[in-house]
Amino acid sequence: MLLFIFLPIISVITQSLHIAHEQVFVEVENCDFFGCKKSTSVDRAATEQLRSEKPLGRFVGLDNYFNRSHLASSELAAAWESSASLGEFYNQLFNLPLYRAIIFTLVYTAVVTPLLIIFGFIVAVAVNSINEKLKGLVIFFSLLPMIVTPLVGSLILFWMIDARGIIGSTLQILLDNPDLSLKASTPLTWITLIVYGVWHATPFAFVVFYAGLQTLPQDTLESAMIDGASRWERIRYVVIPHLMPLVTFVALIQLMDNFRVFEPIVGFNASAHATSLSWIIYNDLDGESRLLSSASTTSVLTIIGVIILLSPVLVRAWRDWDRQA
Amino acid sequence: MNSSIVENKPLSLKLFSGVFIIIWLFVAAFPFFWTFWGSFKVELDFFSKENWTNAITGIRTLHETGGNFTGNGYHGAWVQEEFWRASLNTGIVCFFVVLISLTIGTLGGYALSRSNFRYAFWLLILALVFRAMPPITLVSGYLLPFFEWGLWGKLSTTIVVLVAINQPFTLWMLHSFFKKIPKELDESAMVDGCTAFQAFRHVIIPVMWPGVITTGLFSFLLAYNDFAVTAMLLSKENQTMVPKIASFMGTTQTEGNVMFAVAAVVLATVPLFILVMFFQRQIVSGLTAGAVKG
Numbered sequence: 040m041l042l043f044i045f046l047p048i049i050s051v052i053t054q055s056l057h058i059a060h061e062q063v064f065v066e067v068e069n070c071d072f073f074g075c076k077k078s079t080s081v082d083r084a085a086t087e088q089l090r091s092e093k094p095l096g097r098f099v100g101l102d103n104y105f106n107r108s109h110l111a112s113s114e115l116a117a118a119w120e121s122s123a124s125l126g127e128f129y130n131q132l133f134n135l136p137l138y139r140a141i142i143f144t145l146v147y148t149a150v151v152t153p154l155l156i157i158f159g160f161i162v163a164v165a166v167n168s169i170n171e172k173l174k175g176l177v178i179f180f181s182l183l184p185m186i187v188t189p190l191v192g193s194l195i196l197f198w199m200i201d202a203r204g205i206i207g208s209t210l211q212i213l214l215d216n217p218d219l220s221l222k223a224s225t226p227l228t229w230i231t232l233i234v235y236g237v238w239h240a241t242p243f244a245f246v247v248f249y250a251g252l253q254t255l256p257q258d259t260l261e262s263a264m265i266d267g268a269s270r271w272e273r274i275r276y277v278v279i280p281h282l283m284p285l286v287t288f289v290a291l292i293q294l295m296d297n298f299r300v301f302e303p304i305v306g307f308n309a310s311a312h313a314t315s316l317s318w319i320i321y322n323d324l325d326g327e328s329r330l331l332s333s334a335s336t337t338s339v340l341t342i343i344g345v346i347i348l349l350s351p352v353l354v355r356a357w358r359d360w361d362r363q364a
Numbered sequence: 219m220n221s222s223i224v225e226n227k228p229l230s231l232k233l234f235s236g237v238f239i240i241i242w243l244f245v246a247a248f249p250f251f252w253t254f255w256g257s258f259k260v261e262l263d264f265f266s267k268e269n270w271t272n273a274i275t276g277i278r279t280l281h282e283t284g285g286n287f288t289g290n291g292y293h294g295a296w297v298q299e300e301f302w303r304a305s306l307n308t309g310i311v312c313f314f315v316v317l318i319s320l321t322i323g324t325l326g327g328y329a330l331s332r333s334n335f336r337y338a339f340w341l342l343i344l345a346l347v348f349r350a351m352p353p354i355t356l357v358s359g360y361l362l363p364f365f366e367w368g369l370w371g372k373l374s375t376t377i378v379v380l381v382a383i384n385q386p387f388t389l390w391m392l393h394s395f396f397k398k399i400p401k402e403l404d405e406s407a408m409v410d411g412c413t414a415f416q417a418f419r420h421v422i423i424p425v426m427w428p429g430v431i432t433t434g435l436f437s438f439l440l441a442y443n444d445f446a447v448t449a450m451l452l453s454k455e456n457q458t459m460v461p462k463i464a465s466f467m468g469t470t471q472t473e474g475n476v477m478f479a480v481a482a483v484v485l486a487t488v489p490l491f492i493l494v495m496f497f498q499r500q501i502v503s504g505l506t507a508g509a510v511k512g
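Sequence order for the protein chains is A and B.
The first sequence stops at residue 364 when you use my numbering, and every number in between is there.
The second sequence stops at residue 512 when you use my numbering, and every number in between is there.
Same shape as in the complex, but just chain A:
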């Protein structure tokens, strides 16, 4: 197991320090009627040989990290120098692939996580109050958006929001705009992805909160009632504090899941408007060229991001554990 966890990480780090070999050039002298001309051409055989002998490529140190498609330090500095306002700087930042992905990921996470917690909570409270016999059925259908393969789920929604699909054409009629396409503009694509994210993850929050509601202390609720607390006050002062640890749990899990948002971008074919770190890696690895070193560099940056994201949690877990022991 360790073999498959640590070796790839080491391999990723090594690869990220290398880049593919340059092509080997040879100078050829072409002599014809008018005299001799020197020209350079690619020596394919030598290039192939070099590449197969050293598949890792050339060692370049940290260059990969600072080039345009990753941290882009020089572009960043130039943009900071040249732009007069923050807005302008933001626009330039948006053109750099890595920062574009980070901005989207942050916005996505920041919007989706609170929304799904709120929705999940409302659904849980509502389901908890309905007839016992209906509950099973309701829970069954509620689980579907979460269980379904993310790619499949996003494709299903993608076809519905197509300009010729049911939601897409309904929106066109409602807004009286026959050219409306949810796929064409960046903000609309973002909204679509966010709606998908909420749809996909609400069931998880629902199930967790629903389970939490089953363990609600009845006597506290009753004493609140005796003290004259209204229904809303009971929810506010008894139910929500009781569920608070679960909210933290859901938020944590969702933070991790949303950080690695990937399949919906493929499913919605949204890469022109929204990308994520995972998508950048996928894009580098896919296709003929297989930019391994570039993908590895992004991977290392992602892993660092994950560690930063998790570090408060890890520290807390460490302390809790010490207290237990």
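By construction, these hints were calculated from the structure, which means they are not laboratory data.
Among these hints, one or two may not hold up.
[To be verified] With a Cα cut of at most 25 Å, we get these calculated SDA-like pairs of lysine to any residue:
| no. | chain 1 | residue 1 | chain 2 | residue 2 |
| --- | --- | --- | --- | --- |
| 1 | B | Lys398 | A | Leu213 |
| 2 | A | Lys174 | B | Lys232 |
| 3 | A | Lys172 | B | Ile240 |
| 4 | A | Lys174 | B | Trp252 |
| 5 | A | Lys174 | B | Phe248 |
| 6 | A | Lys172 | B | Met495 |
| 7 | B | Lys454 | A | Ile169 |
| 8 | A | Lys174 | B | Leu320 |
| 9 | B | Lys398 | B | Leu344 |
| 10 | B | Lys454 | A | Asp325 |
| 11 | B | Lys398 | A | Arg358 |
| 12 | B | Lys232 | A | Met264 |
| 13 | B | Lys232 | A | Gln257 |
| 14 | B | Lys232 | A | Leu260 |
| 15 | A | Lys174 | B | Leu243 |
| 16 | A | Lys172 | B | Ala247 |
| 17 | B | Lys401 | B | Leu320 |
| 18 | B | Lys398 | A | Leu252 |
| 19 | A | Lys172 | B | Gln500 |
| 20 | A | Lys174 | B | Thr506 |
| 21 | B | Lys232 | A | Trp271 |
| 22 | A | Lys174 | A | Val164 |
| 23 | A | Lys172 | B | Phe248 |
| 24 | A | Lys174 | B | Ile431 |
| 25 | A | Lys172 | B | Gln498 |
| 26 | B | Lys397 | A | Val354 |
| 27 | A | Lys174 | B | Ile241 |
| 28 | A | Lys174 | B | Leu344 |
| 29 | A | Lys172 | B | Ser230 |
| 30 | A | Lys172 | B | Leu490 |
| 31 | B | Lys372 | A | Asp325 |
| 32 | A | Lys174 | B | Leu439 |
| 33 | B | Lys454 | A | Ser310 |
| 34 | B | Lys232 | A | Ser168 |
| 35 | A | Lys172 | B | Leu243 |
| 36 | B | Lys372 | B | Ser465 |
| 37 | B | Lys232 | A | Ser310 |
| 38 | A | Lys174 | A | Trp271 |
Using the hints, position chain B against chain A.
Positioned in the frame of chain A, the structure of chain B alone reads:
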């Protein structure tokens, strides 16, 4: 909330929560029914420019095929595009991933739960980190060595990788499950003269099934739903369902092919549907197990 509280609810609140549930059910389930229904139509109905009711009535379908429903999409996907092969591959991958990770998970989880060292903490950390780390970051590390060693594109390679990615989670889940089985149980078996292995075989195995089933379900879902690993590590003829569907997307320009993809999506969803139907309780308990503990 128990019945005494439920009963004295005002009508308006009842109405509100009822309406809300109906809306939620609609939002959650309608896309599936819509796609299922539409998969039996021709493309011009499912993606109708004139009138969205065409997808329900199927005017074009009647016109083109002579029936209200058509299985053309399914035929095209299953036979012409060889989706059966992808399903078979998915079956193989899922079966072995579940089998291997449960075998390692039960034995390892049991051993860890009976040891006093703080393995559990590191397991939890590993499980957490793997939960947070996009699997594709590891894939880029696997690719080059796999190319070099000629392992790329094989089903067995993918199975091993999926098991490895899944294992910390499986171990942690089973570990916390075994922790709940009292130590006295196997101790008393050993007092009666069982060896450690016999104690496991005769005492623990009969009571471990609920935890194993739940964990198995989650490893199955992971293997079944995975896109990043399978898309990158499998060659074209070994593709499983999910990357196969993704590759349909690239070739959907010609008419009719979109319906292949729609049919394939339905085919890929059906097993999950059945799974949720039978194992709803286990899935719910598995999802909440972590929450109640944490």
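We went through each hint and held it up to the structure:
no.: 1; hint: Lys398(B) with Leu213(A); in the structure: violated (56 Å)
no.: 2; hint: Lys174(A) with Lys232(B); in the structure: holds (15 Å)
no.: 3; hint: Lys172(A) with Ile240(B); in the structure: holds (15 Å)
no.: 4; hint: Lys174(A) with Trp252(B); in the structure: holds (23 Å)
no.: 5; hint: Lys174(A) with Phe248(B); in the structure: holds (18 Å)
no.: 6; hint: Lys172(A) with Met495(B); in the structure: holds (15 Å)
no.: 7; hint: Lys454(B) with Ile169(A); in the structure: violated (49 Å)
no.: 8; hint: Lys174(A) with Leu320(B); in the structure: violated (31 Å)
no.: 9; hint: Lys398(B) with Leu344(B); in the structure: holds (21 Å)
no.: 10; hint: Lys454(B) with Asp325(A); in the structure: holds (13 Å)
no.: 11; hint: Lys398(B) with Arg358(A); in the structure: holds (23 Å)
no.: 12; hint: Lys232(B) with Met264(A); in the structure: holds (19 Å)
no.: 13; hint: Lys232(B) with Gln257(A); in the structure: holds (21 Å)
no.: 14; hint: Lys232(B) with Leu260(A); in the structure: holds (19 Å)
no.: 15; hint: Lys174(A) with Leu243(B); in the structure: holds (12 Å)
no.: 16; hint: Lys172(A) with Ala247(B); in the structure: holds (19 Å)
no.: 17; hint: Lys401(B) with Leu320(B); in the structure: holds (21 Å)
no.: 18; hint: Lys398(B) with Leu252(A); in the structure: holds (23 Å)
no.: 19; hint: Lys172(A) with Gln500(B); in the structure: holds (19 Å)
no.: 20; hint: Lys174(A) with Thr506(B); in the structure: holds (17 Å)
no.: 21; hint: Lys232(B) with Trp271(A); in the structure: holds (14 Å)
no.: 22; hint: Lys174(A) with Val164(A); in the structure: holds (12 Å)
no.: 23; hint: Lys172(A) with Phe248(B); in the structure: holds (21 Å)
no.: 24; hint: Lys174(A) with Ile431(B); in the structure: holds (23 Å)
no.: 25; hint: Lys172(A) with Gln498(B); in the structure: holds (15 Å)
no.: 26; hint: Lys397(B) with Val354(A); in the structure: holds (24 Å)
no.: 27; hint: Lys174(A) with Ile241(B); in the structure: holds (15 Å)
no.: 28; hint: Lys174(A) with Leu344(B); in the structure: violated (36 Å)
no.: 29; hint: Lys172(A) with Ser230(B); in the structure: holds (22 Å)
no.: 30; hint: Lys172(A) with Leu490(B); in the structure: holds (23 Å)
no.: 31; hint: Lys372(B) with Asp325(A); in the structure: holds (17 Å)
no.: 32; hint: Lys174(A) with Leu439(B); in the structure: holds (24 Å)
no.: 33; hint: Lys454(B) with Ser310(A); in the structure: holds (23 Å)
no.: 34; hint: Lys232(B) with Ser168(A); in the structure: holds (8 Å)
no.: 35; hint: Lys172(A) with Leu243(B); in the structure: holds (16 Å)
no.: 36; hint: Lys372(B) with Ser465(B); in the structure: holds (18 Å)
no.: 37; hint: Lys232(B) with Ser310(A); in the structure: violated (44 Å)
no.: 38; hint: Lys174(A) with Trp271(A); in the structure: holds (23 Å)
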